[in-house]
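A.B. asks: Residue-level listing of the chains:
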Amino acid sequence: MEHNNNTPEEAKEQQPSEPSTQQAASDTKEPIAADLQQNINTVKQALGNSDDIVVREIRIGKVGNVKAAIFYTDGLTGSQALADFVMESLLMDMKNTELDQMISFGQDVLNVLKERALTVGGVKEVADFDVLFHSLLSGDAILLFEGHTQGFAIGVREWNQRSVTEPATETIVRGPRESFTENIRTNTALIRRKIKDRNLWLETRTIGRVTQTDVSIMYIKGIASDNVIDEVRQRLDRIDIDGILESGYIEEFIQDETYTPFPTIYNTERPDVVAADLLEGRVAILVDGTPFVLTAPAMFTQFFQAAEDYYQRADVSSLLRVLRFFSFFIALFGSSTYIAITTFHQEMLPTALLISLAAQREGVPFPAIIEALMMETALEILREASVRMPRAVGQAVSILGTLVIGTAAVEAGIVSAAMVIVISITAISSFIFPAPNMSIAVRLIRFPMMVLAASFGLYGMIAGFIALVLHLCSLRSFGIPYTSPLAPYNANDQEDTIFRLPHWRMRTRPRLISQQNVTREQPSTNPRSRT
Amino acid sequence: MLRKMLLLLLLGVMIFVTGCWNRRELNDLAIAVGMGIDKQDKQYKVSMQVVVPGEIAAKKGRGASPVTLYSAVGDSVFEAIRKMTTNSPRKIYISHLRILILGEALAREGIGKSLEFLTRDNEARSDFYIAVSKGLMAEDILKVLTSLDAIPANMLYNALETSQKAWAPTTSVTLDELIKDITSEGKHPVLTGIFINGEPQMGNSNKNVQMVDSSAQLQYTSLAVFRGDKLVGWLNEKESKGYNYIRDKVTSTAGVIPCPKGGELTLEIIRSKTKVKGSVIKGKPHIDIEVRSRANVDEVECQIDLTKTKTIAQLESLGDARVKELIDEVIHTVKKEYKADIFGFGDAIRRSNPKFWKKAKGRWDQYFVDLDVTVKVDGQIHQLGTVSNSFLERIRE
Chain A
1057 MEHNNNTPEE AKEQQPSEPS TQQAASDTKE PIAADLQQNI NTVKQALGNS
1107 DDIVVREIRI GKVGNVKAAI FYTDGLTGSQ ALADFVMESL LMDMKNTELD
1157 QMISFGQDVL NVLKERALTV GGVKEVADFD VLFHSLLSGD AILLFEGHTQ
1207 GFAIGVREWN QRSVTEPATE TIVRGPRESF TENIRTNTAL IRRKIKDRNL
1257 WLETRTIGRV TQTDVSIMYI KGIASDNVID EVRQRLDRID IDGILESGYI
1307 EEFIQDETYT PFPTIYNTER PDVVAADLLE GRVAILVDGT PFVLTAPAMF
1357 TQFFQAAEDY YQRADVSSLL RVLRFFSFFI ALFGSSTYIA ITTFHQEMLP
1407 TALLISLAAQ REGVPFPAII EALMMETALE ILREASVRMP RAVGQAVSIL
1457 GTLVIGTAAV EAGIVSAAMV IVISITAISS FIFPAPNMSI AVRLIRFPMM
1507 VLAASFGLYG MIAGFIALVL HLCSLRSFGI PYTSPLAPYN ANDQEDTIFR
1557 LPHWRMRTRP RLISQQNVTR EQPSTNPRSR T
Chain B
-13 MLRKMLLLLL LGVMIFVTGC WNRRELNDLA IAVGMGIDKQ DKQYKVSMQV
37 VVPGEIAAKK GRGASPVTLY SAVGDSVFEA IRKMTTNSPR KIYISHLRIL
87 ILGEALAREG IGKSLEFLTR DNEARSDFYI AVSKGLMAED ILKVLTSLDA
137 IPANMLYNAL ETSQKAWAPT TSVTLDELIK DITSEGKHPV LTGIFINGEP
187 QMGNSNKNVQ MVDSSAQLQY TSLAVFRGDK LVGWLNEKES KGYNYIRDKV
237 TSTAGVIPCP KGGELTLEII RSKTKVKGSV IKGKPHIDIE VRSRANVDEV
287 ECQIDLTKTK TIAQLESLGD ARVKELIDEV IHTVKKEYKA DIFGFGDAIR
337 RSNPKFWKKA KGRWDQYFVD LDVTVKVDGQ IHQLGTVSNS FLERIRE
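Chains A and B are the protein sequences, given in the same order.
Those letters in the first sequence? Residues 1057 to 1587, per the working numbering, in order.
Those letters in the second sequence? Residues -13 to 383, per the working numbering, in order.
Rather than coming from a laboratory, the hints here were simulated on the basis of the structure.
Just so we're clear, the structure is a prediction, and the values are computed from it rather than from any experiment.
Among the hints, erroneous ones may be present.
To be verified - Under 8 Å between C-beta atoms, here's a sample of chain B residues computed to sit facing chain A:
1) R10
2) E11
3) V19
4) G40
5) S374
The C-beta atom is built at its ideal place from N, Cα and C for all residues, glycine as well.
Make the full structure from the sequences, and use the hints.
C.D. replies: Given below as structure tokens:
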């Protein structure tokens, strides 16, 4: 591992943007000067005399003849660590030891200090201002010496951060309750806590000219396909942007197809899901500053697999998964089927039902499609409002929503009760997916489906459905067909597609994702094979 | 990119300029559930019983009639239906037709021409039942409001279905069956009759259903016999039941038989299967009818010891005799009075001896009159109900 630094690496929130811009502008590698005062001036000037940059000048050595300066960013650097491991080491502990002598009498100050004095884990040598600023603004303390064109970046990063909490978006009944945080180092640690194999490799690069965001690739060497890893690396290296603020930025840059509502990269805030994906041979992409970790390649069926599926009994999980696929179709076609049948194919309904529906529609002034679009729009507004609004007004909105949409609209005769039922069921069905981005995709497709149904009836819906299937089949995620293992069909991978077979039956990893090391378990794990 | 956008735009335009061909909202439909066809002079008088959805709705409603009737006179059925738009706000929608009533006067002149529209129109389905109004205009039947089912046509549909299943003298006929019978050379059609029990004028108002004992009630009666598409006469209830035995349409019914020592006993037929076999013996057609039925004892109003196997055997043969009598009677009546093979015996002969049928089919009605029919009934009594011997035996006199 190249990055031997075991301290937290970087937090971007508190970085003042101004000095960074300047730094980005002066991209030429300016070496550190031998004159300490000049260096101090350069740093101060470059950072616009920002108040949170602290410069402390000290003298070390027996006679205090070595002038040095410590730079650090207040708030990103642990003051306790700085005091204990840097200041104290340099100013107190060295007193009256041979080190003092060595420094004072012109020995190689840098090596002596690095090897024998600084009692902190991460010490990197800094030779130019690019590295200096990056380290300084990442929270390292910078130590420069008079007469030396090199200095140290000392890893004493420490800042306020959120602790590991329960996941907010992917809640489950049974299973681990931790979720990622905004700190990439915490996140990698959470994954390493689950997978202790030495083949779990981590590669980090900095993306974003201004934000200098750390982006890490994590994979299990020997399980993940090298092609996919290379592809991920290449796509990440292609990104040239001023800032990366969330993994969504990365996702949009590296996904295979932009013009599709379907997500071709999975994202999750659950370490156990990432661990499971890594074990299946996927690659995880962690971005500093967000709890959402990307995994690729992603399959269509993956968005129907909840983490809990693997913690519960296989039969229960299979039932729930079938239910999710069923709801997918309801969410997609529920409202459009209702529109198509009631405006084009009334003869398909049983007489009693037709009369009952006609009775409800009596006096409704709008065509079914307008009625449906009105309800859907109202519902989307409600949904969006409930996500966006402050917690305190949440109750008011939900009461208004139920009253206005559920009751008043029907009683006023603006929409029919049947339509409210249909729209509600389709809406609820779209919330069943474990991955929220799939439910957004489904809701998006629902609208063109409704227009097709209102223009051509069931014929239009079938045409739309065929187009949808063709589109899904045309998608790829890092070269892997999106609809696999359904199309192309792979009998072996059906063990975890529509049904979730018992763990002892899922003996191989998904075929298309990992070509090497495909066996997950030995046949002897089958409890029935024991005699 | 530009081409793609253009293509998308074109597709979008295609959706919106179609004008949504054939699109009809539910509240643009006049859902016709009952249809009546009568003869008026040389023209057809078509009546449509149309649902008023607002009155059916669970909550609302002005307390008006749940159905309304539109009728119009025209040279053809379709013309009359289209003419109804002059007094109906919505176009008549006949896909959900439940029952078609043919007036007796029309039926006597021939029903064939009036049915052609229903077989041709793309909206019409053939799953509705057909009945003949006995002694009345079809229109009058559709004017009667019913109580338990607010939509009279629905009530007629369900009543015909249940009575055929549980009572037997009625028979449900759908359009395709009727057309098949009309055109078949080996079978003439029958239709169930319907009439108004009470005063027909009273049925027209909501008052009719506000009473416990409605003053006008729709009631199915026995079967109408057709020769070709013309009504030639009516069977009585017993004969109708016999007809249904021959046609294997009896699912369940009640049969009253005399007890050996006087009094009566009722059997509930729970299953019945009839086989009709044709044969030609020495150039003469012959029909064998074999009925196998299963029955339970359902009511005992006589002195009898049901615990003995001998009594059961005795009852079985009495039951068989009764079924045989029903069958013989209807064959006799139809042979004598109507001379129309409504039983499909001709079809049975055709199936067994096509060569003979080729020669005979032209004069089949004459053959039918002298047809030899052997009836064999094999009934079995399976259960006696929840008691064995009746408490009547123990009544002290």
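A.B. asks: Against each hint, give a clear statement of whether it holds in the structure.
C.D. replies: The hints, checked one at a time:
no. : hint : in the structure
1   : R10  : 6 Å, holds
2   : E11  : 5 Å, holds
3   : V19  : 7 Å, holds
4   : G40  : 4 Å, holds
5   : S374 : 43 Å, violated
In summary, the one numbered hint that this structure violates is 5.
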